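Trainee: Each chain, letter by letter, is given below.
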Amino acid sequence: MLATEARRVAAIAWKDATAERRSKANFNAVVFLAALILLLFGFALGPEVEALQQAAGGVIWLTVLFAGVLSFNRSYEQELENGALDMLLLYPGDRRSIFIGKLIANLAFVLLVEMILLPTAALLYDLPIARFVVPLGAVIALGTIGFVTLGTFYAAMASRLRAREVLLPLLLFPMLIPLLVAAVEATGAVLAGDAMGDAGAWMRLLVVFDVVFLVAAFLAFEYVIEG
Amino acid sequence: MSEGSSTVPTADPAALELDGIARRFGSRWVLRGISLRLEPGTVLALTGRNGSGKTTLLRLITTAIRPTRGTGRVFGQDLVRDAAAARAAVGILAHHAGLYEDLTAGENLAFALRMYGRRADPEVIDAVLDEVGLDGERDHRVRGFSAGMRRRLALARLLLRPPRLLLLDEPYASFDVDGIQLVNRFAARTAGEGGAVIIATHELARGRGLIDRVVRIEEGRLVDRDAQQELAAEQRLAWSRLQAVEGGS
Amino acid sequence: MSSTETAALPVRPRWHRPFGTVALLFFIAAQAFGYFATAPERDMGNLQKIMYVHVPAAWIAFIAFTVVFGASVLYLWKRHEKYDHAAASAAEVGTVLTGLTLALGSIWGRPTWGVWWTWDPRLTTTAILFLIYLSYLSLRAFTEDEERRARWSAAVGILGFLNVPIVYMSVRWWRTIHQVQSTPGTVDSDYALALRLNAFAFLFLFIYFVASRYHLARLERTLEARREEAALAGGPIHV
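Residue numbers (the working numbering), protein chains in the order written: chain A, 1 to 227; chain B, 1 to 249; chain C, 1 to 239.
FYI, nobody ran anything at the bench for these hints, they're computed from the structure.
Across the chosen pairs, the derived CB separations fall in these ranges:
(1) C/Glu229 - B/Asn50: 24 to 32 Å
(2) A/Glu222 - C/Ala225: 25 to 33 Å
(3) C/Ala103 - B/Val80: 39 to 47 Å
(4) C/Val73 - B/Val80: 14 to 22 Å
(5) B/Pro13 - A/Gly137: 55 to 63 Å
(6) B/Ala120 - C/Ala103: 52 to 60 Å
Predicted model only: the values in this text are computed from it and were never measured. No residue lacks a Cβ here, since even glycine has one placed at the ideal position from N, Cα and C.
In isolation and in its complexed conformation, chain A is listed as follows (with noise of 0.2 Å):
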């Protein structure tokens, strides 16, 4: 049984990646957002390079977060633009993996748009990522996943709504404040050297945020997928 959950949930996984994948408009488009963003923040703090590097954490969480908000309601997109979520709900099995499967795609999205934006952002504010590769890594890892999370389940509602532009950031950010303190906290602390070891406590914030709001949204989404 869990086995079959588990290729549907790739089904869905794959057919979404795929599809984004082919047509490239979004990615091309919300990763240059992204590179336009950096770049207005840059000229709003700076040009004085402490100012930047002291917000460089603030900066580019806000970044993922206004540019990466843009993909999700896309996921849907592409199922209600041909009536393909009535027959999605048709299949038979757990509609859970409906979540699951459309996760991991997203998930795949934003963590690629991170990695071009990452690099991009150490050049223009003179940022070490390299130097912290590894506890940077898994930060973005962390916050990746709960913004992801959160973001794939509200967009399932706002989606199939008229103002839906409008209506998931007003879902989604409110809920994401914990997140981004934590995120920009540990990022910050982890391209200082985290002298103090704060870095740890709020990576295991982002911990307990990605749990329980994994598990809270893959519960609650079947309440919310059906028509």
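Once you have looked at the hints, place chains B and C on chain A.
Mentor: Chains B and C in isolation, oriented as in the chain A frame:
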């Protein structure tokens, strides 16, 4: 006008039993109390103007939406309480094909197979594509398909797991003669093997020889029997006219 | 009309009006007490009075949210619309009262204590909860189908509630790390009394408004049910 449904217990469950089904969207009632019994082996035509509730009724039978009131059973499985089991018995060829534009025909079918919990066997995929006349199109993206081709692909997807209760929503609209024959063959086969078929359509004549009953839905209600006799007569008239034009069957 | 029974309009419970009057009077009294009866000047002493605002606000936000959470869970479990009405009522009233308290505190605080806003953990958490409420209400506003609205709100309400402890923890750590002035922990007995009075005053008002709003929702629903009967008049036709 309204008759009580007979409650003679039968050994085999009806293909479809609806009891006072009503459905509202916001303040607008789309379905206003529909009761219907469909026996296995029957092909039912559902006629009615656009916006009369045909598509909503079909969506309800597939459990995509719940009724606001009333109950329904597909081969004995309750639409709300046993939704998963009911779903397993139903298949629909919907107005919107529900295909993924950027995937190929083969990939759409592979996805369906995996969602059914089966392996994406290329032989199976080729076989159904062949049956619906899309044998060269496996590696072509759906985005370039015509309406008729999409309908065929959706049909192919249904063939992967033939349902016991087959729902067809305007299957004949903008479909060529061969395609229409495909649909009718599939419907006939389903009914012949103990399943049942509901065809929502304006074009009764297309289902010549296939349709056993006609029911009309108007503003969310089923029109009563007397009118059905009239419709049946109209239908026969339309068929004979069509036969005359096409020079006999 | 073929409907066999017309649902009776729900009657406003007898305790509503007197309770509401008492709550209002109590509120006025508590506010007056807080403002006039505790006025000692200290260096940072006046800043402490912000507690009269953010503690009640935090209380109301939390209690209302708990009601929303409970009603949401019950709705998803039992699928009875009355739980949705309860959740919506608590959310609406909670949002208004919380927002009002936050705004009043800010307006009040500026001339009295010199600041528009303190990033105090409890106050900040309350502000964040306020935003989560608003998003809950926005979702409801944009979802037209009632069953869907009830289901979706319940899911969103549950997740929002789960975030409360996490939000509080994160904001508190955040403040400690940046070592901004912390709100004094110990409270003078004078302050404590005024505080509790105000907190209870808000609670009573909250209960009154939620009960009224819930009653209103039930009334609306009953009237709707009558209209439904009319729309379905003629009855189902068996085929």
